[in-house]
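Trainee: Here is how the chains run, residue by residue.
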Amino acid sequence: MTVKPTLDDVKLVLSYTGKVVIGVAILLVIPMLTAIAAGEWDCLVYFALSLGISLSIGFLLAALGATDRKAGWMHGMVTGGFSWIVVMAVAALPYWFSGHYLSYLDAMFDVMSGFTTTGLVLIQDLDHVATSLNMWRHLLTFVGGQGVIVLALTFLVKDSGGGYKLYVGEGKDERLFPSIFHTAKAIWKISLAYLAVGTLALWAAGIAIGLPVGDAFLHGLWVYMAAWSTGGFAPMSQNILYYHSALYEGITVVFFILGSFNFALHNAVWNGNRKEIVKNIETASFATTMSLLTLVTCWGLMKLRVYPDLAALVRKGFYQLASAHTTTGFMTIYPRQLANEWGDLAVLAMIVAMLIGGSACSTAGGFKGLRVGIIWKALVQETRKLLKPGSAVFAQRFHYHGEKNLSESQVRSAALIVIMYVAIFFFATLAGCAAGYPLLESAFESASVTGNVGFSIGVTQAAMPSFLKVVYIFNMWAGRLEFMAVLATFAFIAAFFRRKQA
Amino acid sequence: MSPARIARRRQNRLAASGALIEIAYVVGLSCACCLVCAIAWFALG
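Order-wise, the sequence lines are chains D and B. In this text, residue positions in the first sequence follow this note's numbering: the first is 305, and each later residue adds one. In this text, residue positions in the second sequence follow this note's numbering: the first is 3, and each later residue adds one.
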């Protein structure tokens, strides 16, 4: 049974949540400056109003939760889960004020989609959205990729021990440096360095394909933010198809694959440990599954003769598969082409790729290459045991920032997370079928929300039933936080109210 | 130039070369996947 939380426990969670809300509220300054630069005065008012409301909520929560207690694992986990819900409600304010959403639920759906780097959208008339609102959309996905709590840790939470628990609560568990503050800084350093390179590359590509210089810069910045965060948002409703440029597609592939790598791997390679990128179990697992699933996708497309030549097959097949496997969700085809042209085999390969996802402690979703690698190693170990005498002892090893022995607890933990992912994948598939969508389409969209991918086969739209939107929001949230924080939040709330009733 | 600045420059150079290696790895992996597509095309097509 869960330990009953005291009022001090609740206060601590509220205090940290308040700080996270303040951190996100401060971000509103960036779209406000964009609105001033673009002369979008209506939007400036929306953002100023949202800033005022968000800061008030943040300071109120921080004040309500003022306590001297230090954070434990429970507080970190519950804050990780709870703060994402509060932040979703708060960050949806500018969306709602803009008039581009049919309901507040739709606005919250898009915020959760942005923060979890999913990339599905319910926004209306995306092609005519104000520059400052587009900046907010892409900023949300960029910050969400690094972690909302990582942002707060960098600037607002200086308590190192409690900070680490919050960091783990957000679904990240790699400590790049002994200090959690330095770990958060290193994550931002890597992201911002690539931000400069990626934006420049896409800016140049944008100019080369004929976009005006200013638009090319903004598109480059936004598309980079969405690529690195494996978010999948784009400023135009046609997504990356809008650019009709192999160069643009090639650059985005590089940055979304890089974004799907573990921050600890980036940190190791950037500090001179170059062999790690080849030896690491996650990159090995990713390279293997990506090659195999590319083969299956191409086979499926070739069987149906979807594309007339090899160049088109590679360009369309590989791009969508890589985008799905890294959980980015950038598309260079129309959603209904997946349902009407691609065929079951290619769509199934995409579903598997979306569920596997990228690396742990990265911007990517899915149940992660690390867990696929660990479960594969466990299978190898069990098979070897079967083929050798009963007394033989095996130490299965794998490379993950150094040689490691495979332990029972690692296998159990990996298997549990995979089972949880598959369970909520079935749950959302069931919800899709209950809403009247065909099985394959429901499964595809479910894999997309569960793996935080953002690909759509046409199910996600403002007209879909509200209960399905809520289920998808839950799956995006649970998938991004890898369940522990979500389970802890529910257990915490249930235990708190049980205490009240007693 | 101060030793701290020299160390910082060395660190930045190391990080830049690390980033280049990562980009080269990703380009290599993408090419390998495209090659897989091509092999499938010629073998099955």
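FYI, nobody ran anything at the bench for these hints, they're computed from the structure. Predicted, not measured: the structure shown is a model, and the values here were computed from it. Every residue, glycine too, gets a C-beta built ideally from N, C-alpha and C. There could be a bad hint or two in this list.
Said to hold, decoys possible - Which stretches of chain D does chain B cover? Using the computed rule of at least three CB atoms under 8 Å from a CB of chain B, they are:
| id | segment |
| --- | --- |
| 1 | 496-509 |
| 2 | 570-582 |
| 3 | 591-600 |
| 4 | 617-630 |
Said to hold, decoys possible - The following residues of chain B were derived to be distant from chain D, with all beta-carbon distances above 10 Å:
| id | residue |
| --- | --- |
| 5 | 9 |
| 6 | 10 |
| 7 | 16 |
Trainee: Now look at each hint and say whether the structure bears it out.
Mentor: Evaluated hints:
no.	hint	result
1	496-509	holds (count 3)
2	570-582	holds (count 8)
3	591-600	holds (count 5)
4	617-630	holds (count 6)
5	9	holds, 13 Å
6	10	holds, 12 Å
7	16	violated, 5 Å
Checked against the numbered hints above, the structure violates only hint 7.
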